[in-house]
Amino acid sequence: MKTLAGETRALREQRRKALVAYFTAGYPDSEAFASLVRAAVDAGADIIEVGIPFSDPIADGPIIQASSSAALKNGMTLPLALETIARLHAEVPVPLVVMSYLNPILRLGTDAFARDAVAAGVSGVVLPDVSFEESHSLRPALSHAGLAYVDLVAPTSGEARAQVIARASQGFVYAVSMTGVTGARSASLADASELVEQVRAATDTPVYVGFGVSTPDAAREIARTADGVIIGSRLMQLAGDGPARGSAARVADFLASVRHELDALARDARVVF
Amino acid sequence: MSRGRFGAYGGQFVPETLMPCLFELEEAYSAARSDAGFQRELDDLLVRYVGRPTPVYLAARFSASLGGGVRVYLKREDLNHTGAHKINNCVGQALLARRMNKRRLVAETGAGQHGVATATVAALFGMECTVYMGEVDIERQSPNVRRMKLLGAKVVPVSSGTRTLKDATNETIRDWVTNVRETHYIIGSTVGPHPYPTIVRDLQSVIGREARAQMLETEGRLPDDVVACVGGGSNSLGIFSAFVEDRDVQLHGVEAGGSDEGDSATLTRGRPGVLHGAYSYLLQDEHGQVSPAHSIAAGLDYPGVGPEHSFLKDEGRVAYHRVTDEEAVAAFQSLTRLEGIVPALESSHALAFVQRELGRARGERRIVLVNLSGRGDKDIDSLEKRLR
Ligand SMILES: Cc1ncc(COP(=O)(O)O)c(C=O)c1O
Chain A
1 MKTLAGETRA LREQRRKALV AYFTAGYPDS EAFASLVRAA VDAGADIIEV GIPFSDPIAD
61 GPIIQASSSA ALKNGMTLPL ALETIARLHA EVPVPLVVMS YLNPILRLGT DAFARDAVAA
121 GVSGVVLPDV SFEESHSLRP ALSHAGLAYV DLVAPTSGEA RAQVIARASQ GFVYAVSMTG
181 VTGARSASLA DASELVEQVR AATDTPVYVG FGVSTPDAAR EIARTADGVI IGSRLMQLAG
241 DGPARGSAAR VADFLASVRH ELDALARDAR VVF
Chain B
1001 MSRGRFGAYG GQFVPETLMP CLFELEEAYS AARSDAGFQR ELDDLLVRYV GRPTPVYLAA
1061 RFSASLGGGV RVYLKREDLN HTGAHKINNC VGQALLARRM NKRRLVAETG AGQHGVATAT
1121 VAALFGMECT VYMGEVDIER QSPNVRRMKL LGAKVVPVSS GTRTLKDATN ETIRDWVTNV
1181 RETHYIIGST VGPHPYPTIV RDLQSVIGRE ARAQMLETEG RLPDDVVACV GGGSNSLGIF
1241 SAFVEDRDVQ LHGVEAGGSD EGDSATLTRG RPGVLHGAYS YLLQDEHGQV SPAHSIAAGL
1301 DYPGVGPEHS FLKDEGRVAY HRVTDEEAVA AFQSLTRLEG IVPALESSHA LAFVQRELGR
1361 ARGERRIVLV NLSGRGDKDI DSLEKRLR
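Note that the protein sequences, when read in sequence, are chains A and B. Here the first sequence is numbered in the numbering used here, starting from 1 and rising by one per residue. Here the second sequence is numbered in the numbering used here, starting from 1001 and rising by one per residue.
Since the hints were derived computationally from the structure, they do not count as laboratory data. Treat the numbers as computed from the prediction; the structure is a model and nothing was measured. Just so it is clear, CB atoms sit at the ideal spot from N, CA and C, and this is done for glycine as well. Treat the hints with caution; some may be incorrect.
[To be verified] To give an idea of the chain B side of the interface with chain A (calculated C-beta under 10 Å), a few residues: (1) Gly1011; (2) Met1019; (3) His1287.
[Stated by the list, open to error] Computed footprint of chain B on chain A, listed as stretches where at least three residues anywhere in the stretch have a Cβ under 8 Å from a Cβ of chain B: (4) 105-118; (5) 121-130.
Pulled out of the complex, with its shape left as it was, chain A reads as follows (with noise of 0.2 Å):
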């Protein structure tokens, strides 16, 4: 079976800067969202982010909080949305990971979430209210049933903790480009590039960059130093901007030119890998 950190280490082998491409299980509607996945696989999204839609998003922005509610409205739940990976899973050939808030897992429990999740072939999972500290809980249950544990790392952390949480991330480090929420604004290039250095300096698990990051440039300028880069309410935004049958074309022309630019800054020779 391939694993999260076996993908992330042949994309950093094939010199290809990682697009990871975040949608909200559900939203604009089940359907549709089916449709956003495969537009953004053909549009050079490398890695799939699925989030599960929670009532109290504490670390979104206003644009994933409105798809979260809207999901909701539709009916999402944590075990639909394993279902709908399901039958994705079997058509798109990227990794799946999941971004949940810690409670709908709970409710599900642990042990059956971390089995229910495999067997719909997700590789790992992101959990945004879940300290490194309280992490210590969940991971062992997580990674033994073959998830990746994503941790996360900020701005605030510091160099040491930082390197700490670093080592301990699997498949790939989510560097939040900055102090804030979720959201289509411009992230802060210099705390985003001076994290992704400290975090180079203690492992070799590629470092991803998320939040905040909004346009082809933004990701290319920090795609110089990170490995990938993380899009999200740029992505719900042009999702809900308009007819929910033409978000896939309009999410689709906006991936492919953030791959363009990626893919170009990675002909260039100088650009770490």
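Once you've looked at the hints, dock chain B with the ligand against the given chain A.
Structure of chain B with the ligand alone, referenced to chain A:
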């Protein structure tokens, strides 16, 4: 085992961005606790600024109306500056914020009492202040909104979710995670990630320390029952903490039983989960989504509860009960008419429990101590509408 737990409950379920700031707060708090200067300054503010100690008052006419021999004492937190127990916590946390060189305060508020108290200490310490409040609460607690603005705070209406305390708390956390370097979040109750539940409880425990000594002084013995309403749980833990070791004293936490529209009875109807940084009882659906709460009392209208209460419930040390909107309003009217004291709707829940269950109960000379957590000026407009 992770840090800051009450049995299985509590913990630090927050984004990584906030963790260093929680460590800093924990350190600042433990340094402050062993600093006599901090304690002296806090005590001085509590006396000269807040107006402590607050009296315990024998509510003789209210007691007589219950029909038995019970004597009901009220711990008069309504007499504090700004009208509720919330200021005890805010004064202490503002001192901590100053120690940490934070120049900006943020807070969530439901009833507006915590928002007013935070705006008040911000004025006193010359700090910037932003308060998040749900649109529903802005409407039903409007006098407090006007007070906060007069005090110089920015009041941000929250229109997401249930537009009440839960969503105001979400929005405050989002502000904090964005501006964490210069901002201290004064959480208004014994909720949130460690070390908040402990800090808030400690700062509110002055209520119980005073009340215990006052009961010994006036009655020569401890009360049989201590009763307090439970929203997030700070006024209740503030008074309970002094009596937890007194095994003969029965402790009663009163939750909002609401109406047909729903309730906020987290401990009696919820099950454990994670919200706002802590593992604790939570109103939630079968898929782990947080359920909307309901109460006529904005300060109790919250689907979560402080983790120490979850522990005390499982231990059986505190009994938790429910009181409906209607019962609370009736108790509000009784106390107003019989004693000339206008209680907050939150505190009225504790009084309603006494009316319903302790009135004619056992014992000739039963003594009941109720934490009257705040005054009801803020509720007059919405009660007038309801009673019309
Ligand atoms: C007067 C009063 N009592 C009680 C509460 C409930 O909070 P807690 O349970 O933290 O005491 C509030 C909250 O706003 C309040 O204003």
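Here is how each hint holds up against the structure:
no., hint, verdict
1, Gly1011, "holds (6 Å)"
2, Met1019, "holds (5 Å)"
3, His1287, "holds (4 Å)"
4, 105-118, "holds (count 4)"
5, 121-130, "holds (count 3)"
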